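*Asks:* Residue numbers (this note's numbering), protein chains in the order written: chain L, 1 to 251; chain D, 1001 to 1289.
No lab work stands behind these hints: they were computed from the structure.
Computed from a predicted structure; not experimentally measured.
Here a beta-carbon is modelled for each residue, glycine too, at the ideal position from N, C-alpha and C.
Mixed in with the good hints there might be a few duds.
Okay, the calculated bits of chain D under chain L, using three or more residues with CB under 8 angstroms as the criterion [what the hints assert, rightly or not]:
| no. | region |
| --- | --- |
| 1 | 1139–1146 |
| 2 | 1170–1176 |
In silico lysine-lysine, DSSO-like type, Cα no more than 30 angstroms apart, as pairs [unchecked claim]:
| no. | chain 1 | residue 1 | chain 2 | residue 2 |
| --- | --- | --- | --- | --- |
| 3 | L | K76 | L | K26 |
| 4 | L | K126 | D | K1014 |
| 5 | D | K1014 | L | K117 |
| 6 | D | K1014 | L | K185 |
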Amino acid sequence: MDKLILENLNVQYSDGTESLKNINLKIQDRQVSVLFGPAGGGKSTLLRTLNRLNDLADLRLQSGRVLLDGFDILAKTTHVIALRRRIGMVFSRPALLPLTIYENIVYGLRVAGERRKTHLDGVVEKALRQAVLWDEVYDRLNDSAFDLSGGQQQRLCIARTLALEPEVILLDEPTSALDPVSTAKIESTMRDLAQHLTIIWAPHNTQQAARMADEAFFFLQGELIEFGSAEHMFVRPQDKRTQDYVNGRFG
Amino acid sequence: MMRKPLAFFNNRRKQQIGFTLLGAATLVMVLPIIVLIVYVIFAGISAISWEFLTAMPRDGMRAGGILPAILGTFYLTLGTALFSVPPGVAAAIYLSEYAPDNAWTRAIRIAMTNLAGIPSVVYGLFGLGLFVIFLRFGTSILAASLTLSIMTLPVIISTSEQAIRAVPTQFRTVSISLGATRWQTIWRVVLPESLPGIMTGIILGLERAAGETAPILFTGATFFLPRLPNSPMDATMALPYHLFVISTQVPGMPLQIQYATVMVLLVFVLTMNLVAAVIRSRARARRKW
């Protein structure tokens, strides 16, 4: 089922960096969709457009439509705050808030107005279990989030996003700053979550792309070059540019 | 074999000479302050007593205490804080979080920098014209506080804005991505994290206000007050002005009393400095980012 449909999306920053040129694609529900390609390809821009984080940036141009379950999220009438609760984001460096572990996780709920302690406690436990972090931190929820290791911090960020029960999770090079063991844990967690959520992942190397993808989209300098199933894209790509990138001839 | 004549100035020597010169420069800078403090203490300590700090003056200020001046400076500092901190911090938040980068905001910043450089006596005359005469507050704590506030405002806005900008953008991005509004982000994350820096700026700004004579000269300070001020519309004695008058206008003023007054003012100012330094170092120690 089409969860997200991008129609003729064009995005340009005022300073001319990374842009998107006429993007048309469909993201399916309940699978891991991977956006890959060399730096400057537009993957981050696309992710930030999906949760309207680009509203904070200096844009020269943004046109086209992004349909989430049929509704254009780029429309001026869209409730952006509610949108950001439906589409969560995990950043490339663990982006913790200067708060305790507990407060980091419930931050999204608190700003939404939730105050009932029992409800918050329940959410914290559920989110930490989903992010496979509960056993490691259940006894120190009031410690500073910065006391955790890199891998734990990133799983905390995932838990924080999960606390809002989003339908879509965007991940922008989520394991680029982590060791292989933490990376493997996070990849496995997200694969499990893909059974009932939409996961859009921009990996920092092609091997991770090949590991994670159910469907993959190759971006080069702002254009969508080719897309298809993982087997198609990484074993038998059609476009020469995709072939060259997947085979490591450039990147 | 001849040694090269300039072998003495190898890199290690150059570094030693450099550090020695820098150390000497630091000493030259610090020494006068130490000498000043030591001299003041020696000259004035004999006049310091519990009576001096808590009693009213007698015999044309030549005896008794300086309580009204101490209290006056305290009231003026409080008044300045009241009128300069809320608008100052609010302006800093606006300038760093909401204001777009256009000609208008650039003009505001230039105006602020200029305000900071205006001589304090100009503020005093401005305060006289606006608050004392035009708005009919008369020579009062109110007029003097307002005048001092205008003088302190640029300092508070600058340091607060710096403190707010020092908070990493990442915190804001994350907060927004979790569905917070801009104001929620400021209130829940940015302000708490920038509070130590803002408080330091406020304390340093108020400390300057406490020690200035010119702005309060025409707007609120008087030399002789029969009793303590009990309303903002009263005029008041104040330490800097009091010091000026007893040192120049009062014949037969004992030297110890003059230096003792200096000591009190110095203690007031240095304590504020110390509090600011402690806040800064504790915040830095606790900061985990």
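*Asks:* Compare the distance between the alpha carbons of K1014/D and K117/L with 30 angstroms, and conclude whether the hinted pair is satisfied.
*Replies:* Not OK: K1014/D and K117/L at ~64 angstroms, beyond 30 angstroms, violated.
*Asks:* Does K185/L sit within 30 angstroms of K1014/D, going by the straight-line distance between their CA atoms?
*Replies:* violated (54 angstroms)
*Asks:* Go check the region 1139–1146 of chain D versus chain L for me, would you? Three or more residues, Cβ under 8 angstroms, otherwise it fails.
*Replies:* Contact hint for the region 1139–1146 of chain D vs chain L: violated, 0 residues under 8 angstroms.
*Asks:* Using a Cβ cutoff of 8 angstroms, are there at least 3 residues of the region 1170–1176 of chain D near chain L, or does the coverage claim fail?
*Replies:* holds (count 7)
*Asks:* Does K1014/D lie within 30 angstroms of K126/L when you go C-alpha to C-alpha?
*Replies:* Since the Cα atoms of K126/L and K1014/D sit roughly 63 angstroms apart, the hinted pair is violated (cutoff 30 angstroms).
*Asks:* Within 30 angstroms, alpha carbon to alpha carbon, are K76/L and K26/L?
*Replies:* holds (22 angstroms)
Checked against the numbered hints given earlier, this structure breaks hints 1, 4, 5, 6; the rest are met.
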